[in-house]
Amino acid sequence: MTTTPRLDIREGYAEKFGFHDAEQYVFKSRRGLDAGIIEQISEMKGEPRWMRDYRLKALEIFGKKPLPMWGGDVTGIDFQNIFYYVKPTSEEAKSWEDVPADMKRTFNKLGIPEAEQKFLAGVGAQYDSEVVYHKIKEHLEKQGVIFLSCDQGLRDHEALFKEYFGSVIPASDNKFSALNSAVWSGGSFIYVPKGVHVDVPLQAYFRINTKDMGQFERTLIIVDEGAWVHYVEGCTAPIYASDSLHSAVVEIIVKPGARCRYTTIQNWSNNVYNLVTKRAKAYRDATMEWVDANLGSKLTMKYPSVFMMEPGAHGEILSIAFAGKGQHQDAGGKVVHLAPHTTSKIVSKSISKDGGRAGYRGLVRVQKGAVDCRSTVNCDALLLDEASRSDTYPYMEIMENQVTIGHEATVSKIGDEQLFYLQSRGINKDEAAGMIVSGFIEPIVKELPMEYAVEMNRLIQLQMEGSVG
Amino acid sequence: MSQTPDLIVQNLHVAVEGKEILKGLDLEVRKGEIHALMGPNGSGKSTFANTMMGHPRYEVTEGDILFKGQSVLELEPDERSRLGLFMAFQYPVAIPGVTVANFLRTALNARLAPPEGNGSGAMPTKKGIPPKEFRAMLREKMALLRMDESFAVRYLNDGFSGGEKKRAEILQMAILKPEIAIMDETDSGLDIDALRVVADGVNALAGPELGVLVITHYQRILSYIKPHKVHVMVDGRIQLSGGPELALELESRGYDWVSEGKEVTAP
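Chains A and B, in that order, give the protein sequences. Position one of the first sequence corresponds to residue 1 (this note's numbering), numbered consecutively onward. Position one of the second sequence corresponds to residue 1001 (this note's numbering), numbered consecutively onward.
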């Protein structure tokens, strides 16, 4: 008989994040999806005609596209049972004082105002379909940095918005980008002017409250020449017996010499389908980095992508996925080399336990003519028990010979020898297992700002209990 | 030297996957002593080291190991460690992502403030040694062992050379301050530099508060470490014990004569 250490990921989710407020909204669409609902959403938002038409066209595309038959099982989604638009308040607040008490309490509990005070350059807080609070530090505003909800971005900066909206991810990209394009609401609109460095992160927090709802935020980030920005998003939801849908689209344009890092700490409850399309275009000597941590959801299918458009562009994707009981994380990334002298790196770490399934699905594509490109892919999986599963699907489409491509993959289990070694130094077995796991993800966690690294460790809850295995 | 031996091994029988490897081992080590345990391949030297530390693969079928008057057989490896036992591994295990410094501080804190109930993972505990004090201590020990400071921020044994691994083992011993340490060096193709690392480390740390048992196949490490006693193990038992001169005799005559029973005591 040997005892195996246990690792509880996201212990106490129900108390910390899984609660919900009494339902409150100023408007809630009827269940289901049709052109009428889309017109209603567009009308309520007071959108220009072109956007309404864009939505309606996207709905058509959504109807025509089949469900993906790869990745995770999405056949359980009942598209006609979902509330596509739940408007929580009549308008966005610029002060927490003006956010309704329930919602304010929720965001307080999630630590958002506190984080804003301590280390953020700006915060957007979305509750169901709309952003209820949005604010950026004054000095950044003065430098011309725009950080608004996506809806507000369309209202205030229509020309800029229209130029880039849908330019990275067209509605027709896939079934869920079409859905988002039809019903999008909330999300962030960011513009960082030439040469401006936003040194501390901007953060958006997404909260689902209403049962059976779909959240479809849309984010558009434009980082102008030589500018820097780090955007962080977090999300949680109540635990419900029926499933919710979260389907976002994130488009990023990183102009020459600019740098963008986009960090996600996805912590949805285990009844959320999380089907997200994220893509960035990086121009000459620009750098785009995705740091993508997926801890929650029932099913996540998400492959942040970097298209390297011009020479010198660099793309990087760091992905962590945890899958516990009943969870499937189909995560990874795509790097597309469209120009010579471009470089990319993908590092993926997945951990599965209690029958969970976590994997890496990724693509490295080098276009003909994109000579002297370099790309490395490292994907490591750690299985905590026999019942869990890890999959690796590394796709390579290399159309050019003069390139350097590296790929390494490992699958490991917490080994008896590692445990014994640490124990022989006086560290108990559970703590030893925690150490091995945190060491496993360390290469990615160390890329997070300190506060998020702490948060990450807290979420992973390296809290063990002995059990007979 | 203390009166009662600090480590007493009595008639120890150990099986691995049903096969008996140790067949009645007797041994006594006191603090302040340096012992050498020698013997041919497969005689059970490493089995003894692992059994003493509590490796789950090794099953004690008979006999006992007493440390400071207490049987340790029912104790977990971490409990044995906190009691004052230490084993320098023949093949130290890599723990990627965990720095030498973080690991050592966690191990040290486990001694100072043993975790209650649930472990707190790799997060530094509130209790235990203050970070500043720990860094000073680490620097001091690394200087003593002539180690580069950059060592502290490397991942434990990950990509270490053979010599670096040995050095890391000695550093752990220096920080954790055991009372009885077993250096498992058996059979490994240690180069001369790695041997010297172990020898220098043992010599630097040896003293009245530390008892050392050096396990070795070849006698060459004994050119650097002067043991008080030498034991020869053959077929799961100590067949012969004597002074340092015994090692030299083994060097010239090999192990066969011991097992053949031609001599029962050292000359």
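None of these hints come from the bench; they were simulated from the model. You may find that some hints are simply not true.
[Stated by the list, open to error] Below 30 Å or equal to it, Euclidean Cα-Cα: the simulated DSS-like pairs (lysine-lysine) are: (1) 45(A) with 57(A); (2) 211(A) with 104(A); (3) 16(A) with 194(A); (4) 1132(B) with 118(A); (5) 87(A) with 104(A); (6) 162(A) with 87(A); (7) 194(A) with 446(A); (8) 64(A) with 162(A); (9) 194(A) with 211(A); (10) 1132(B) with 65(A); (11) 413(A) with 1229(B); (12) 1019(B) with 446(A).
Going down the list of hints, with the structure as the test:
no. : hint                : verdict
1   : 45(A) with 57(A)    : holds (18 Å)
2   : 211(A) with 104(A)  : holds (19 Å)
3   : 16(A) with 194(A)   : violated (40 Å)
4   : 1132(B) with 118(A) : holds (25 Å)
5   : 87(A) with 104(A)   : holds (16 Å)
6   : 162(A) with 87(A)   : holds (24 Å)
7   : 194(A) with 446(A)  : holds (29 Å)
8   : 64(A) with 162(A)   : holds (25 Å)
9   : 194(A) with 211(A)  : violated (43 Å)
10  : 1132(B) with 65(A)  : violated (60 Å)
11  : 413(A) with 1229(B) : violated (42 Å)
12  : 1019(B) with 446(A) : violated (46 Å)
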